[in-house]
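Engineer: What follows is each chain in one-letter form.
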Amino acid sequence: MNTSDNSRPERGKTLVLVLTLLNTILVAAISALQVDASIRSSQANRDSQYYAIQVTGSLIQAGAQSDYDIKTFSTMLINSMESLASQYSAVQQQAAGDQQGFEAMTLESQILQARADRAKSLSILMTDPAYAPTSEQSNPDYSTYISDLYKQSNEIVLKQNVSSDAYHHWNSKSDSYVAVLTILAVAFFLLGVAQMTRPGLRLLFSIFAIVVMGIGSLWTLILLLF
Amino acid sequence: MEDSNAKGNRLDVWIAVLIALVSLTTALATWRTASLGSSAGDLIYQGFLDAVKFQANANEDWQQAYLDAGNARDYLMTLDSLAVQENSTDPASIEQAAQLRIYLLPGMESQATPLGTDPSYLTQEGWLNVQKQFNELEAQSSDLSSLDPLASFSKADSYYAEQRWLVVGTILIAISLFWLGLSQLSHLRSRVLILVLGVLVYGIGLVWSVGVEIVFFILRTGGL
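Sequences listed follow chains A and B, in order.
All residue numbers for the first sequence refer to our numbering, where the first residue is 576 and numbers rise by one.
All residue numbers for the second sequence refer to our numbering, where the first residue is 167 and numbers rise by one.
Please keep in mind that the hints were generated in silico from the structure rather than gathered at the bench.
Fair warning: this is a prediction, and the values are worked out from it, not measured in the lab.
Fair warning: there could be bad hints in the mix.
[Said to hold, decoys possible] If you only want the chain B side, here are some residues facing chain A, beta carbon under 8 Å, derived:
| no. | residue |
| --- | --- |
| 1 | I210 |
| 2 | Q221 |
| 3 | M243 |
| 4 | D246 |
| 5 | S259 |
| 6 | G292 |
| 7 | S311 |
| 8 | P315 |
| 9 | V334 |
| 10 | F344 |
[Unchecked claim] Label-pair ranges, simulated between beta-carbon atoms:
| no. | chain 1 | residue 1 | chain 2 | residue 2 | range |
| --- | --- | --- | --- | --- | --- |
| 11 | A | E730 | B | D256 | 46 to 56 Å |
| 12 | B | S201 | A | T772 | 40 to 50 Å |
| 13 | A | L652 | B | Q277 | 46 to 56 Å |
| 14 | A | I758 | B | E379 | 27 to 37 Å |
| 15 | A | S747 | B | G388 | 16 to 26 Å |
| 16 | B | I260 | A | N729 | 47 to 57 Å |
| 17 | A | Y725 | B | L316 | 20 to 30 Å |
| 18 | B | G369 | A | Y725 | 20 to 30 Å |
| 19 | A | N729 | B | E261 | 48 to 58 Å |
| 20 | B | V358 | A | S747 | 39 to 49 Å |
| 21 | B | S189 | A | V753 | 20 to 30 Å |
[Unchecked claim] Derived DSBU-like pairs: lysine-lysine, alpha-carbon spacing no greater than 30 Å straight-line:
| no. | chain 1 | residue 1 | chain 2 | residue 2 |
| --- | --- | --- | --- | --- |
| 22 | A | K646 | A | K748 |
| 23 | A | K726 | B | K298 |
| 24 | B | K219 | A | K695 |
Heads up, the beta-carbon is just placed ideally off N, CA and C, and yes, glycines get one too.
Turn these sequences into a full structure, and let the hints guide you.
Structural biologist: If you want it as structure tokens, here you go:
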């Protein structure tokens, strides 16, 4: 046995104590950071799921609205076409000398046109300047209509994606902090052994503990920065 | 020498009592911190239940509002076509319109009420005001007023905030336990110093934790 070890058995114990204190402070700070990351992860996860519920509702509303709007537009179109066909038939009846047929077809055309006119007045695709056809021959602006219809849903999906990304970010950080705490637990073990062993080995175990604490601190720094 | 040994033994007993006390406080603080997280989780769960119920009801109301709008549109179109028939010179058509008014229109009218019958349900542009009909349907669902997911989430955030601050106190108490343990094991001359450090950290941790509890209790009960 080394004679200097025997003569000064307490040598290096103060260093071990200081290192233990430092490690304790590190563990305390990282524990707090881990709890904070875990809470942030839970909140982001909650927001993400809440937005998912909202986007489902928004899509159902958009579906019901488009169903109504397209049905109103197609009703208007069908009645207009049938009115036109009746009008054409009336002209043919007149040309054939069938006055009664002409009058019946004309009345039929007027009835259908009245239905078409009402459908047109109720149709957002035909009366809203944002979507209405610019001329008699052109179609409504479907792409703008579809874009506006799903605008709210897309905005919520965007928020949901941001929350989902935040959840993964904080969840990953929380897991990493747990790994750092495990590393620092190893440092505690090494410092404990250093405290109990003879002075020569005490320094060696202290150096190992310092290296492990350095790795833990560096990892924490990386987690804090990114 | 004997006097010094006796002093050391008395200190050992005091440190043991302190360690027991701090251990109990640590357990209590850890339980409280965990229970706050659990309460926040319960509130989030409740918020989700409320959100799903609320959204399911809104989904039904939107479907119903647009179904009503479709009925109102068909009713208004039928009304206009009947007006043309009634103003025609064809007696058969006039008679048919009269029959339709008696046998068809009342049923359609009841399905189209109020969107197709009440002019206040028309927008400035002349469209059917589906949003107003939706609002009416939502107002009729009286049980919806108790569903407030955002209130549950906000309360959960308050528990999380308290948990955050309480963790600091719990960590301080746990640190003090470590130092008290060290002072019990240590044979160094600095034993008393380590003990004082442990007691000081414990005191700070305890005051901090109690302070956090009081502040959040006042905040939640609306005392501030």
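Engineer: Taking the hints in turn, state whether each one holds.
Structural biologist: Against the structure, the hints:
no.: 1; hint: I210; in the structure: 5 Å, holds
no.: 2; hint: Q221; in the structure: 4 Å, holds
no.: 3; hint: M243; in the structure: 4 Å, holds
no.: 4; hint: D246; in the structure: 4 Å, holds
no.: 5; hint: S259; in the structure: 6 Å, holds
no.: 6; hint: G292; in the structure: 5 Å, holds
no.: 7; hint: S311; in the structure: 18 Å, violated
no.: 8; hint: P315; in the structure: 7 Å, holds
no.: 9; hint: V334; in the structure: 6 Å, holds
no.: 10; hint: F344; in the structure: 6 Å, holds
no.: 11; hint: A/E730 <-> B/D256: 46 to 56 Å; in the structure: 55 Å, holds
no.: 12; hint: B/S201 <-> A/T772: 40 to 50 Å; in the structure: 41 Å, holds
no.: 13; hint: A/L652 <-> B/Q277: 46 to 56 Å; in the structure: 24 Å, violated
no.: 14; hint: A/I758 <-> B/E379: 27 to 37 Å; in the structure: 33 Å, holds
no.: 15; hint: A/S747 <-> B/G388: 16 to 26 Å; in the structure: 38 Å, violated
no.: 16; hint: B/I260 <-> A/N729: 47 to 57 Å; in the structure: 53 Å, holds
no.: 17; hint: A/Y725 <-> B/L316: 20 to 30 Å; in the structure: 24 Å, holds
no.: 18; hint: B/G369 <-> A/Y725: 20 to 30 Å; in the structure: 60 Å, violated
no.: 19; hint: A/N729 <-> B/E261: 48 to 58 Å; in the structure: 54 Å, holds
no.: 20; hint: B/V358 <-> A/S747: 39 to 49 Å; in the structure: 45 Å, holds
no.: 21; hint: B/S189 <-> A/V753: 20 to 30 Å; in the structure: 24 Å, holds
no.: 22; hint: A/K646 <-> A/K748; in the structure: 51 Å, violated
no.: 23; hint: A/K726 <-> B/K298; in the structure: 21 Å, holds
no.: 24; hint: B/K219 <-> A/K695; in the structure: 37 Å, violated
Comparing the model with each numbered hint stated earlier shows that hints 7, 13, 15, 18, 22 and 24 do not hold.
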